[in-house]
Each structure stands twice: as C-alpha cells, then as structure tokens.
Amino acid sequence: MSITRTSAVPNSTGEPAVVRWLLTGIALTFIFLFLIIPVAAVFAEAFARGFAGYVKALKDPLAVSAIKLTLLTAGIAVPLNMLFGVAAAWAIAKFEFPGKNILVSLIDLPFAVSPVIAGLIFVLLYGTYGLLGPWLVKHDIKIIFAVPGIAIATIFVTFPFVARELIPLMQLQANDEEEAATTLGARGWQTFFRITLPNIKWGILYGVILCNARAMGEFGAVSVVSGHIRGQTNTMPLHIEILYNEYNFTAAFAVASLLLMLSLITITLKSLLERRIHQGRYSR
Amino acid sequence: MSIEIRSVTKNFGKHCALKNIDLSIPGGELVSLLGPSGSGKTTLLRIIAGLEAPDSGSILFHGEDATKQSARDRKVGFVFQNYALFRHMTVFENVAFGLKVKPRRDRLSKSGIRDKVFQLLKLVQIDWLVDHYPFQLSGGQRQRVALARALAVEPRVLLLDEPFGALDAKVRKELRRWLRRLHDEIHVTSVFVTHDQEEALEVSDIVVVMNEGQIEQVGAPDDVYDHPANPFVHGFLGGVSIHGLPASAYVRPHEIELSRKRNGVPGFYGVVKYIFRKGTTVHLELERDNGECVDVEIDRDSFRDLELKEGEKVHAVPGNSRVFSN
Chain A
-7 MSITRTSAVP NSTGEPAVVR WLLTGIALTF IFLFLIIPVA AVFAEAFARG FAGYVKALKD
53 PLAVSAIKLT LLTAGIAVPL NMLFGVAAAW AIAKFEFPGK NILVSLIDLP FAVSPVIAGL
113 IFVLLYGTYG LLGPWLVKHD IKIIFAVPGI AIATIFVTFP FVARELIPLM QLQANDEEEA
173 ATTLGARGWQ TFFRITLPNI KWGILYGVIL CNARAMGEFG AVSVVSGHIR GQTNTMPLHI
233 EILYNEYNFT AAFAVASLLL MLSLITITLK SLLERRIHQG RYSR
Chain B
597 MSIEIRSVTK NFGKHCALKN IDLSIPGGEL VSLLGPSGSG KTTLLRIIAG LEAPDSGSIL
657 FHGEDATKQS ARDRKVGFVF QNYALFRHMT VFENVAFGLK VKPRRDRLSK SGIRDKVFQL
717 LKLVQIDWLV DHYPFQLSGG QRQRVALARA LAVEPRVLLL DEPFGALDAK VRKELRRWLR
777 RLHDEIHVTS VFVTHDQEEA LEVSDIVVVM NEGQIEQVGA PDDVYDHPAN PFVHGFLGGV
837 SIHGLPASAY VRPHEIELSR KRNGVPGFYG VVKYIFRKGT TVHLELERDN GECVDVEIDR
897 DSFRDLELKE GEKVHAVPGN SRVFSN
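As you go down the protein sequences, you meet chains A and B in turn.
The numbering of the first sequence is my numbering, which starts it at -7 and goes up by one.
The numbering of the second sequence is my numbering, which starts it at 597 and goes up by one.
Read the hints as simulated data drawn from the structure, not as lab findings.
There could be a bad hint or two in this list.
[As the list claims (entries may be wrong)] Partial list, derived from the structure: chain B residues whose beta carbon lies under 8 Å from chain A:
| id | residue |
| --- | --- |
| 1 | Leu647 |
| 2 | Phe674 |
| 3 | His684 |
| 4 | Lys698 |
| 5 | Val720 |
| 6 | Val749 |
[Unchecked claim] Heads up, simulated DSBU-like pairs for lysine-lysine below, C-alpha to C-alpha not over 35 Å straight-line:
| id | chain 1 | residue 1 | chain 2 | residue 2 |
| --- | --- | --- | --- | --- |
| 7 | A | Lys86 | B | Lys664 |
| 8 | B | Lys766 | B | Lys869 |
| 9 | B | Lys905 | B | Lys874 |
| 10 | B | Lys874 | A | Lys193 |
| 11 | B | Lys615 | A | Lys92 |
| 12 | A | Lys262 | A | Lys92 |
| 13 | B | Lys909 | A | Lys86 |
| 14 | A | Lys193 | B | Lys869 |
| 15 | B | Lys671 | B | Lys712 |
| 16 | B | Lys696 | A | Lys86 |
| 17 | A | Lys193 | B | Lys718 |
| 18 | B | Lys712 | B | Lys696 |
| 19 | B | Lys718 | B | Lys698 |
| 20 | A | Lys193 | B | Lys706 |
| 21 | B | Lys696 | B | Lys664 |
| 22 | B | Lys712 | B | Lys664 |
| 23 | B | Lys671 | B | Lys766 |
| 24 | B | Lys766 | B | Lys706 |
| 25 | A | Lys92 | B | Lys610 |
| 26 | A | Lys86 | B | Lys706 |
| 27 | B | Lys769 | B | Lys874 |
| 28 | B | Lys696 | B | Lys610 |
| 29 | B | Lys718 | B | Lys696 |
| 30 | A | Lys60 | A | Lys262 |
| 31 | B | Lys610 | A | Lys86 |
| 32 | A | Lys48 | A | Lys193 |
| 33 | A | Lys130 | A | Lys48 |
| 34 | A | Lys193 | B | Lys664 |
| 35 | A | Lys51 | A | Lys130 |
| 36 | A | Lys92 | B | Lys671 |
| 37 | A | Lys130 | A | Lys262 |
| 38 | B | Lys766 | A | Lys92 |
| 39 | B | Lys905 | A | Lys193 |
| 40 | B | Lys615 | A | Lys86 |
Positions of the beta carbon are idealized from the N, C-alpha and C atoms, including for glycine.
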C-alpha cells in the first residue's frame, strides 16, 4: 500500500467543505446579527451626542443615585450569597444529614421561579397588606418600595450562583485533604482557612462574578418591589427603562453601556477563571 | 507505643464492617492488616486514627483509653491511599503543615521548622523536590512526601492505608523494602493496610489476616504462612484446596508434585487446562474428574522433563498438606 500525501486539511469526520463553510457562516451571521450589532448599537446610541453628552447623562443626579443603589444592592447581596453558598456547599458536599436532597433542590428554586413572581412573594410577605405588613407598619420598618426590599429580592434571585458552582467542586475534592490536616493536628478553622478555602477559591470567585452580574442586572424581581421612586429606589436597569420610556435614548443607552461593560468584564473574567478551575481539577 | 483494640464493632447502615474485633499491637512493630477488599481493614485503621468512631468497643494507646479522643489529639501519622497531599502547597509546605498549625507555645521557630522539614525530606530521600507541587511528582515521590508529612509531627503511631496500592509493580517493591528499612531506623509503631499477601509477608513483623469484619489469624509472617489457622487464611495466602482425598487437603501450588504415571502414591489425576510460564516457574491449572480446578506451580526444569501440553492427563501428589478441624 502506498502512502499518498493529500493537500487538504485533515478532516476526520469527512464533511464536504460546503457543509463546513455553511455551518460556520450561519453561526457567524447569527453572532453578528444578535450580539455584535446590538452591542455596537448601544455604544453608538450612547455616544450619539458626543462624549460630553455621554458624560453629562452619567453625571445626572438621578443616574448617579441609580448607580449608587445598584452598587449598594450588589454590595449587600453578593457577600451574603457568598457566605450562604460556601456554607450550603460545605454542608452538602461534606456531610450526610436528613433533608439534604430537599436542600439541593431548593437551592435551584430561584432559577426556576420567574423573577416577577419572586418579587411578588416579597410584596405578599412584607407589603403593607402582606403577611408581616401590620407588624412592620407598627414598628415603622419599611421594606417594600424601599432599599431593604430591593436587597432582599436581589438576594433571592441570585442565591444559587455561588452554591451551584461550589457543590460539584467540593464533592469532587472529597474529604481527604481535610482529614489529612486533622490528623496533622489542625483545628477546624485552620483546616477551613488553610486547606478547604484555598482549594475552592477560584470556584468562589467564579460564582461571585456571576452572582454580581445578575445582582446588578436584575430587573423583574426588583421592579416589583422597588416602587420606582426616582432618586431613591431606582436601580440602573429600572432607571434605564424609565429614561427609555421618556424617549431619552442617549441617557438610557449611556447607563446601559455601563451595564454592558460590566457584562463584558464578567465574560472575560469568567473564561479566565474557567481555565484556572479546570487546571486545579487536574493538578492533583 | 502499643495499641489495644477492645471488642470494636462498626456498622455502616446495615452493613457490618467490623464484628467485635480484639487486637493488641505491641509497641515498635510493623504490623500489616491483610485481607480482601471489604474485609474491614481500612475501617479498622481509620478507627485507630480517630477518623471514624466505633459503634462500640474501645481503643487504647499505651494503656490509655483514646476512644473519645479526636483524630487531632491522638497524635497519629496517617498516610492516605491517594496520599491526600495539599495540592496548593509545595512539598516544603506540605511537610511543614503539621509543624505550622501547632499552638504558638509548642511551635518551632521558622528556622527550626525549616531544619526539621529538610531533615525529614533527606530521610525520605526527596530533599531536591522541596519546591515542587504535588502534581509535578511521580506516585512514588508523592508517597514519600505523604510519609514525611506524617512523620513531621512525631506521631506516636504511623498508620498507612494501602501505601503502595497506586504504584506500579517495580516502584512498589522498591518502596516497600525501603519502608521496612525506614521502620528499622525510626521504630515507630506502624500499622499498614494491604490486600497483597506478598507485601504483608515480606514487610511486616506481624500479619493480621482479616475477612468479613473479623480477624482470622494474627502471627509472624512465617507463622501465618506455614501454619494457617483455617482454610480462608490458607487460601488467601495462595494455597489451594483439594477435596475428597480421603479428607480435604490444603496445600500450596508449589507443594504438589506432578508425574506422568501414578507410582503407587496416593494422589489424583487431572487434565492440564492452561499453562502459564512465569519466569523461573511454570503455573498449571489442572481440572479434576469432579470438575474442581487446582493450581500447580513447578520449576522450569521439571516442566521441561515432563513435556506436558495443554489437554494432557497428569498425576498429581499433594505433599505437606494440612487438615483443618472444620
């Protein structure tokens, strides 16, 4: 048998070139139409009145207040969900206890429930005519149509992110290193900070980044509980909607461009971290 | 440091892992827990370490009850089957871990820790790997790091779970001889778990044969090998059983003699089913008239003289057979 050299690129599955080009073409067209053009449009619209117009839109007191509230909300929701995620993943991955399967399913609940319903749940609970309403009114505590409500709704919507990322990671790592640390004389907290935490730090960061992106971008649940009081209970997504409805496109897209940049940063960090976590799994 | 195990029982759900185990391990010895998988040997080791709590019974270290002590307070060195090295730490940091987590008043100075780690790494002959991470090491090197790490805290007892299980045959042999020599040097009471009878017989001072959560026999390697207490121990240490020659005979494959003809000596006929050549010896699998299969091991010269082929009939005479009361 003679060996012949073929000039074509090796094509192990043997599809004709037409099919390959067609599939690649469809994918690229799709990305262009539904991703690239919209992203470009946001920035184009944001800078429609020049850089000065862009800066002016962002310096608007109402915009500044929306940005501050969004940062505050994420600043509350993300650390809390990080703590919750680590605790839940730790419990689920390392211990056996009754109700474990129910807990695992419940963690996913916020993903399954429509954000609007999530918002309504809290209105029904904490609203003036809600379950806890009379008590809250009596003690002059305002949750719905105020910052606490926005924070609570955001926490609810974003709480699966960290736990979801950590549970499989910690299950995979089993308990050996912790046991080794214990036999070497480490106390519980030493084991946690010196062994467990370093092993899951990239997973935590990954979960936190996704959690943060969602916390800042959440619209549905926050919209229900916020009350849309401008300068007080408007987050960035809500502020964008109001500006848009008022035909103030430049301002709307200027604020939108900030959220979009957050997404781009998130995606970049996410793919960098995926590589880290992937390496970590195999560097045993 | 002697270890005393008193009527220890452990269940996992409905599965009984250990049934009323009594065992006393004298100080300074190298002891192997030998048994098939599921015999409870690893569970027993983890109970000695305090990583698992017995359902009933007690563990005594040097005559003192340690049953309620946590793994942290027992001062045992544990070498895990997959080594469980801290993957985000270098070899140095791994070995130093036990020294660094000590309460301040017991802790060595930085340079003291450094000296000690290097001394240990020299002992296990890998001081040149000090800055490597676990994933950069070979299996045998990881094993040595795990050992050095366990020894760093000056354990009263060294426990090893299938220490050579994950290594290839050559490294395995090398490392277990090295472990033997190391033990002769440092004399810390050591218990290791293995399913490999050769390993247990070669390395340990005392062999504990376990099966189905119970101890079948305890003794010196020669003792256990030459005088197995029951058919299980005999079989697990490589023996074969031949039924109905007046009684059941228990022999070792190399204690069976083969000949073409029956020379008036009592024995049995068998058909050669398979022939395996293994270096200096040849293994044959004989099938008897009653369907029973018997392993026979003869040396190469005898095999050549017999000129046996698969499918031929041969007469076998078991020598040196044992009879068990049950």
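The hints, checked one at a time:
no., hint, verdict
1, Leu647, "6 Å, holds"
2, Phe674, "4 Å, holds"
3, His684, "5 Å, holds"
4, Lys698, "6 Å, holds"
5, Val720, "16 Å, violated"
6, Val749, "6 Å, holds"
7, A:Lys86 x B:Lys664, "22 Å, holds"
8, B:Lys766 x B:Lys869, "30 Å, holds"
9, B:Lys905 x B:Lys874, "16 Å, holds"
10, B:Lys874 x A:Lys193, "51 Å, violated"
11, B:Lys615 x A:Lys92, "30 Å, holds"
12, A:Lys262 x A:Lys92, "29 Å, holds"
13, B:Lys909 x A:Lys86, "59 Å, violated"
14, A:Lys193 x B:Lys869, "59 Å, violated"
15, B:Lys671 x B:Lys712, "18 Å, holds"
16, B:Lys696 x A:Lys86, "25 Å, holds"
17, A:Lys193 x B:Lys718, "33 Å, holds"
18, B:Lys712 x B:Lys696, "12 Å, holds"
19, B:Lys718 x B:Lys698, "23 Å, holds"
20, A:Lys193 x B:Lys706, "27 Å, holds"
21, B:Lys696 x B:Lys664, "25 Å, holds"
22, B:Lys712 x B:Lys664, "31 Å, holds"
23, B:Lys671 x B:Lys766, "32 Å, holds"
24, B:Lys766 x B:Lys706, "38 Å, violated"
25, A:Lys92 x B:Lys610, "20 Å, holds"
26, A:Lys86 x B:Lys706, "33 Å, holds"
27, B:Lys769 x B:Lys874, "18 Å, holds"
28, B:Lys696 x B:Lys610, "41 Å, violated"
29, B:Lys718 x B:Lys696, "19 Å, holds"
30, A:Lys60 x A:Lys262, "24 Å, holds"
31, B:Lys610 x A:Lys86, "21 Å, holds"
32, A:Lys48 x A:Lys193, "40 Å, violated"
33, A:Lys130 x A:Lys48, "43 Å, violated"
34, A:Lys193 x B:Lys664, "34 Å, holds"
35, A:Lys51 x A:Lys130, "39 Å, violated"
36, A:Lys92 x B:Lys671, "33 Å, holds"
37, A:Lys130 x A:Lys262, "46 Å, violated"
38, B:Lys766 x A:Lys92, "45 Å, violated"
39, B:Lys905 x A:Lys193, "64 Å, violated"
40, B:Lys615 x A:Lys86, "27 Å, holds"
Going through the hint list in order, the structure does not satisfy hints 5, 10, 13, 14, 24, 28, 32, 33, 35, 37, 38, 39.
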